[in-house]
Amino acid sequence: MISAARGLRDIRVLLIEDNPGDVRLTEEAFRAAEAHVSLHAVVDGVEAMDYLKQSGAFALAPRPDVILLDLNLPRMSGSEVLAKVKQDESLKAIPVVVLTTSVAETDIFRCYELHANCYVSKPVQLEAFENVVKSISDFWVKTAKLPRTAHVR
Amino acid sequence: MVQGAASSVATGRRQYAVGSPPAGAKRRNADSHETATTSASEDRYRGLLEAAPDAMVVVNQISEIVLLNLQAERQFGYRRDELLGQPVTNIIPDGFAERLVADGLRSPEVALAQQIGTGIELAARRKDGSSFPIEIMLSPLHSAEGLLVTAAIRDISGRKAAEETLLDTVKELNRSNAELEQFAYVASHDLQEPLRMVASYVQLLSRRYQGKLDADADDFISFAVDGANRMQRLIQDLLLYSRVTTSAQELVETSSEQALEQALVNLTGAIETTGAKVTHDSLPTVLADELQLIQLFQNLVGNAIKYRNAGVPRVHVSASKNGGGKWMFAVKDNGIGIDPQYFDRIFGMFQRLHKRDEFTGTGIGLAICKKIVERHGGSISVESNPGQGSTFRFDLMRSGIRS
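Quick note, the sequences are listed as chains U and D, same order.
Using this note's numbering, you'd call the opening residue of the first sequence number 1 and step up by one each time.
Using this note's numbering, you'd call the opening residue of the second sequence number 1 and step up by one each time.
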């Protein structure tokens, strides 16, 4: 029963990404990695916070197990989302994987300072991108133990 | 020495009286053409003053103007009689005038130093109150009334204006260069995003539908994939080129031998595939940005291996001292060589000499080399005989010597 715990349902991944082409590419890459994930995408920081706080249209949104976060987002930037999530008692336990094209040292440092769980840069080449998504899946979906429920203190 | 140069001048008493100055009105007759009471040597001195291209003003020990030339009248907009006997502070700023006299009288050695030196720059006042930049040179003048100071005053408005124009031009050039760098970086960086989409999806198309549509579709997709790949390489190279400036590090003491060795590690694939023999002399420590020096060696040695003849590619890297505190490096190969008519062109952006199916590449490697070497204060050149190999030379500053 304990060993079956992970098998109860797919790992829920919330992808915060404004480019539909990237969303689809990420879906394809997860599929290629044969990862058991249910991927939900939101298009900007404001929508992401609504989803996570289950407000408005997202009242029934399930709590994600992992967040994949792009930095360059309209309305509310990725680093703002990161800061909000990591300051929120009910959300801060959710691992946040920053997935962005930026390789700027300042972005990398800032994200870890805001308690990102890891920072991954999006490669330009398709195959390299697929490998990155596979690595994320291998570690965060298949290897790491994730907090499955929110424990509000 | 100074005395010899200026010579002792016997002066007319009225003209050079040191002490209480006669009123300007009384001096109206004190004109340089009034020769009855002046000696021959004073005439000579006046002749010299009038012939001088600069405004000449002679001042006594209490800062009064005792003699001036026509140039001085013109420059300051006064008639001669309006200045004679007046404080020199009327035409040059307070404070400086006192110093002028003090400095001029201090000692012949100091005065001599000022004579020889570039002079002192300051602002002067015209009669109408307007000011203009001048350069002053002082020299002592021994007269019968004691030491006087001769000031040669040059209007440097023209030179100042030219200097300012030059400075403005340099500033403008730097600004536009910086803007161009920024543009290249932003353009290539932002272009990369949509291109990533195009390239990824045509690759997905090709992977999933190759052989499932028809021959035309396969052709079209493969052209699209090829175009997208080349565009990606171009953009990445353009970014690399603009980063020579935007990611530049300070020039520090760097072992060029270690930089070369790292470059060779990065080229392991090409070296093993071609069986290239890369050798080098003992190489010096230079002032360089290490990452850029690695990049430089990597591009030059990489090219030497890439543009090879049949047979084992041989590359040799050496360095020799040249004048001016620099090391001249040479990267010599036994490759296909370069036609001399292309020697300049190969260092330009996106310049290629070969068809795509002969040699791949974006044609930016040597442009990056040139930019790196120039950023290090050196220059790069090539010598070659087609069919017999090429030698690329560049110079770098020796460590411990800063320009």
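These aren't lab readings, by the way, just hints derived from the structure by calculation.
Remember, predicted model here, so these are calculated numbers, not experimental data.
We treat Cβ as the ideally placed atom computed from N, Cα and C, and that holds for glycine.
Any given hint could turn out to be false.
[Unchecked claim] Now the in silico label distances, taken between C-beta atoms and shown as ranges:
no., chain 1, residue 1, chain 2, residue 2, range
1, U, 106, D, 341, 40 to 50 Å
2, D, 351, U, 131, 52 to 62 Å
3, D, 177, U, 109, 25 to 35 Å
4, U, 34, D, 320, 51 to 61 Å
5, D, 125, U, 105, 18 to 28 Å
[To be verified] In silico contact screen, one side only, chain U against chain D (beta carbon under 7 Å); selected entries:
no., residue
6, 23
7, 29
8, 76
9, 120
Hints, one by one, checked against the model:
1. Taken as a hint, the range 40 to 50 Å holds for the pair residue 106(U) and residue 341(D), whose Cβ atoms sit roughly 46 Å apart.
2. The supplied range of 52 to 62 Å is broken by residue 351(D) and residue 131(U), whose beta-carbon atoms lie about 34 Å from each other.
3. For the hinted restraint 25 to 35 Å between residue 177(D) and residue 109(U), the CB-CB distance of approximately 29 Å keeps it satisfied.
4. Against the hinted window of 51 to 61 Å, the Cβ-Cβ separation of residue 34(U) and residue 320(D) comes to about 60 Å, which satisfies the hint.
5. Roughly 56 Å separates the CB atoms of residue 125(D) and residue 105(U), a value that falls outside the hinted 18 to 28 Å.
6. Hint on residue 23(U) is violated. Least Cβ distance to chain D is approximately 11 Å, over the 7 Å limit.
7. The beta carbon of residue 29(U) comes no nearer than 10 Å to any beta carbon in chain D, farther than 7 Å, and the hint placing it at the interface is violated.
8. Checking residue 76(U) against chain D: minimum C-beta separation of about 20 Å lies over 7 Å; hint violated.
9. Evaluation of the residue 120(U) hint against chain D yields a violated restraint, the C-beta minimum of about 15 Å exceeding 7 Å.
In summary, the numbered hints that this structure violates are 2, 5, 6, 7, 8 and 9.
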